[in-house]
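Trainee: So you can see what is in the structure, the chains are spelled out below.
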Amino acid sequence: MKLSRRTFLKGTGAAGAAMAATRFLSGPGETLALAQAQGAPVEDYVPATCWIGKQECGMVAHRVNGRVIKFEGDPTNPRNLGTLCPKGMAQIMPVYDPNRVKTPLVRTNAKGQPGQWRQASWDEAIEISAAAIKEARDREPSIVLWQKGRSKSKYVYDEAVTETLGCTKLGHGAFCSDAGYRAMEYTVGLKGVLNPDFKHTRFVLAWGWNMTNSGGNQLCWITWPRQMLEARDAGMKIVFVDPRIRGAGPYADGWLPIRPGTDLALAQAMTSVLVEDGTIDQEYLVTYTNAPYLVGDDGFFVREGDVPLVWDERSEKAVPAGSSGASPALEGTYTVAGAKVRTAFEVFKEHIAARTPEWAADICGIPADDIRNTAREMGAAASIGSTIVVDGKSLPYRPVGVMAYHAMQQEMGFQATRALAQMLMMLGALGAVGGTLSTTKWEIDSKYYEWDAVEIGDGPYGFTLSSSKYFPINSGSTAVAATVMNDPGAFDVETLPEVMILHMANPVVSFPNTETIKEAFSKLKFTVVLSPWLSETADLFADVVLPAATVEKYEGPNSGSDTYIDAVTIRTPPMDPLFESRGEFDIYVDLFDRLGLLEGEGGFIHHINEQFELEGKHAMPTDRMPTARQILDAYAKGHEGIPEGIEYFEKKSSTYVKGPIPAEERYGYAVSPPFAGVLHRFYGESLLRYQHTMKDKGADEIFWRDYTPLPTWRGLTMDDSPPEYDLYLISHKLVEHKQGRTSFVPLLKELTGGQQLDMNTKTAEARGLQDKDWVWVESQNSVTGDTRTVKTQVHLTETLRPDTVSMRHGFGLWTHPEAQDQGPSPNTLFFTGPGYVANTADQSFQVKVRVDRADEG
Amino acid sequence: MEACKVENATPESSFFMYVFRFEQGEYPASRISFLPRPCMHCDNAPCVKVCPVGARYKREDGIVATDWDRCIGCRYCEVACPYGVNSFNWKDPEEAQYLDWKDPVITTATDGSIPPYRNPALDEAYGPEQRKIAGGGHVQGVMEKCTFCVHRVEEGLDPACAQTCPVRALIFGDLDDPDSAPAKALQQRESFTLLAEAGTEPRVHYVGGSPPTEDARQVDAPEVRV
Amino acid sequence: MATHNATLSRQARRSPSAWHLVVAVLVALVVLGIYAYAHELSEGMAVTGLRNIGPMGGATWGLYITFVVYFVGLSFAGISTAALIRLARIDRLRPISRMAELLTVVALVLAGLAIIADLGQPLRGIVNLLRYARPQSPFFGTFTLVISGYLFASLVYLYLDGRRDAWLTEQTAERHRGFYRFWAAGYRDTPAERERHDRATFWLAIAIVPLLITAHSTLGFVFGLQVGRPGWFSALQAPSFVILAGVSGLGMLAMIVAAVRRRQHREEELGVEIFKWLSTALVILVLSYLYLVVVELLTNLYTGSSRERDVMSELLFGDYAWIYWGAIGCFVGALVLLIFRVALPNLRGAVWPVVVAGALVNLGAIGKRYLIVVPSQTKGTLLPYDEGSYTPAWTEFALVIGLISLGVLSYMLFTRYFPIVEHPQPEPAEREEAQ
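Line by line, the protein sequences give chains X, C and V.
Going by our numbering, the first sequence opens with residue 1, and the numbers climb by one from there.
Going by our numbering, the second sequence opens with residue 1001, and the numbers climb by one from there.
Going by our numbering, the third sequence opens with residue 2001, and the numbers climb by one from there.
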């Protein structure tokens, strides 16, 4: 990190004289004079870490006299390589925002309405919060709810904090891809959705990847576009699968304008083309998946003892899977013990035989030829059988990638992701060089095993409905929990949460459905909010607001990897926290101290030591109150082995680069054993098992219908809305507002304006609507009959399907003066109840709406 | 756009760097494209020619500079420029800034600088001619525009936009030096200049792609608030 | 000296209350204008409707520049008529000579004030325009040639031309004699002085003619040399400016002559002859102007680039069509009226059609000046910015109305205290006799 001190060209005397002359001609107060300390300003650069998004880009804070005047990208950080996105660049403004919460606040009026507050000391605010948490926790720890927003310092917050409290933790999932995660955890064992190996890929399906405007799998916005453009310069082709092409910018080589929510059908139609053409990586399917397992008429594997059987082509008989010397058949129907059995792949072949491009054309609204051609292009690009040498290792080379992330947050998200994974399995592209990856390192998540062995109980269930007959595989979604809280009886739930710690999240606005969340939160007895701003949720429901610092604090560690180079970042403050704000680390240390949960065995420090894998001399003493700096110093020294400890991050760089991720850690084929020894669940036998149990326990079809061993298309819930709800509504992201905390940043708000309803020009013409006309948008829940309405302005575009309208993610805030009058959030219109969320209890961002002309304003 | 705004502490709705977002064609053959628009720093700059007081001038190094200490605010440069790059200071610079930075809670934390991220280097004089041409001042009634971040360039740094561009779409350097990055890019790939027919001889070249067509429609234009 | 006695006494007989009322209203309007300007100075030009071209979708030049161009145009007819009268010795027009000169002076002062009003940094403007003057800038031409040189020449002309009348007035005036004496500056109306004066104004007139053509062309260049503004870049811009200047100036002159004729009961001196000449000149100029308009229209619609066509179609059919067709209507209406005046027996020789025509062409001229200034900025961006718009704010209207009021007020005050109609020159015989 360079540290430069610049001497300014002029002494202050001369500058003063020049200023006086200027004043004469321009009138007083017209130049923005800086009240400077005597002498030349001292200019320096110190490390910092971006705070606004999910990928913690490295930054350099440019300071004058200790005041930060600009954040620039840190060139040493592999993710952003010295650059920053508009959000990161504009972050300087919210840091100094006069509308930040400046002191702890305690509510003085009733909840459920805009808050009235009195300022409190930290001591008092922590005391009040600790008392409320303690009271509830002493009765039942799980009724304390910890809700986070954007993931940061996962080990400390998500793990150490929640473990210390023993509370219920809710994933953020505001616009995440929980369904995609669950599908990949279950199918491949990786905690991630799908992303291409851009360094080696030749053909990419940008599946709902709003590539010029939002993030993708694993990383935020800034890294993927750079890698995509580099790959494109090297000759990669990219086909865009999205109802709107806006997000592709000028970079799409093809566009499949898919109807919202029909991704599963499209993926299967493309897979059927591959199967029909025989474009199949037989070796992969036989060796690394359960596709050769024999399936009986009942849909379950045929077993010998606990071990499923395969058909050995050499001995022409069924043998236990994994038998040495066996040559399992991928296809075929056989007779075992007098019963007709088929391989799982055979079942799949029959399952998708009718799922042709022609079949999908009607469902997806894409010409069959386009589907077939794209599938064939992909099949050809996969060059099945080829290999490539990477890091001295000869590995399968399948240069076809899929980027699928936010799009999987849909009604059939879990199975749609599985359908995509199956498509890639045909090509052997999962984990291949140039193929499709899911995580930075091929490390198996414990959920791979857990989701296969869910014990569905009889109730009463916890309010997240995990292990329930409703959502046995479970994302712990706030939206679903809120639905449950509003009608616990309908879900066999007795115990509801009473106390909530809201950590940098704003569920009332950022989660669907606004009304449901509000109703649920009004039932909470106590809510403490950690946030730099008075969020809308805090405004309505907080009892205590604790002002968190923004970028000016210690926080971490976070990954700094761009998926090719391994790196770790730790946020260090480029200046002291403004006002009376404090970093969350310090707040939690205080809170746990007050709760008596800081020190000793099972205390917060103990849990941090565990999470950071700090042992022996590196472990923090559990009998002493640490500062945030000390915690991270222990991590830097003990976990990362950085001799300077935290000073490295304070003085040298925001990012500690560990070096390239070797092929052996990165590619599924290259890890030892390949794919870390787990078998890919091509056929989801346990899903069928759950379906049976759910039925047995009396769950409605709406819950069990998607628990099928193979992804199975069905009509969408939203399509059952009455015909006057004739348009599909989706929401899309703008790079400026990818996060919730942006629309009140004037610099970002200026770039985009507020909410609008994108509508195809022809659709608008048919309705007599013109650009900027005001309209009511009304959504309808086909299950409950509920409707929700917002008012916004039409924006005509040619880049959107005619049967689809789209609103911008975000907006709808009201507490910050700059955020008002930006129009509603589309989350008001989406539903989260049964039928509208995937079978894994997450969220969806698609609904049928009607659009009617409204009066102006 | 944001890096420029922060670096130069420009007032609301003032864009030294502006990025067009275009929509072209009809569904389903429609496309989006982007076009960054800094000042073109023309060799034959109409704005320099019309300035009645020589506040707008061409520097030795090719930068078209605005001396905000001399400008009289006639806005002739603005009507003369075919690219719309000029930005007039319509009101008091403290009022023109985003948010109320005069809040005493803020000013104590920020040395009284308005806005808090204002770089004092903007107020210095630059070049052998020692004139006030960096993006400073924002003096009421005075014209300004993209300076190519002259205060950074004189320190050997790239302009803020080029420094921050995540996809390295902006390359800055000396076109007269055949080894410079932009000169090389121009040799390797097709390029065009904006409104070449106007004869302004812009020093900003667009590599790859093509100029916006006649049917280009701007979408998502920034919100205007003065 | 009966004539000038009569002039002043006739004025005195008019009801002073009406005159004072008008003056009071005008003063109030001027004060309003000053208030608007003070507001603009303190708050910045954000209080105008002006905004940046392109990203802000506005016009950076608006009503002020419209009226700068209009005022300068008015000045054209004044001094050129006066010069013409002197050079061609058209004695029958001599009575309107001073009105024309005064029109020029007043219009130029207003133009100068309007420019100052349009500057973001007026104080700097006055200093820097001189200190750092750049002759390459067409704006320099406007400021130095038009406003300074031209105003100076016109003032000298007015001064010299008025010395005789000043001396004559001083002889009989009951008040303000010092003022007349100061103006006369020792002039005694001796034949030698008269002769010397005549020669001086003659040569001055000769000098003014090319100056004024250059000056008005320069103003045209302010717009016409700009490649970046569709609708501006045109060789026709300069001649159009000159001719429209003539149209508006003569029209204004016609109105002034009629006003003076009526107020000062000078039906004989300001006779039908004068109106006939004004009317004929106006017809010729309006026809020439309309010719240029048609030529420009055809050129732009036929061969113009798409952006030129866009701007033109905005004028013809778009947001600005009502102004465009309104202005054309004014010109054509004036033309029709003037032709009827000749053709219809009961209108023949009537004064009012000339006055109405004068008013119409001035309205039309203001409209056309507005259309030259504004649409090329709001609808004429060469890069595909969103379409812009411009609506003048109350400050701009107030300031312009204040300026116009100031002009009218100055004119009224001048005519009250100085003979606006020249005392008849002695007959040649009388001259010889005096020699």
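There could be a bad hint or two in this list.
Not everything, but these chain C residues come out facing chain X in the computed CB check (under 8 angstroms) [what the hints assert, rightly or not]: (1) Ala1003; (2) Gly1025; (3) Asp1111; (4) Asp1215; (5) Val1219; (6) Glu1223.
Calculated from the structure, these hints are not laboratory results.
Backbone N, C-alpha and C define an ideal beta-carbon position, used for all residues, glycine too.
Trainee: Which hints from the list above does the structure break, by number from lowest to highest?
Mentor: Number 4 - this is the single hint that the structure violates.
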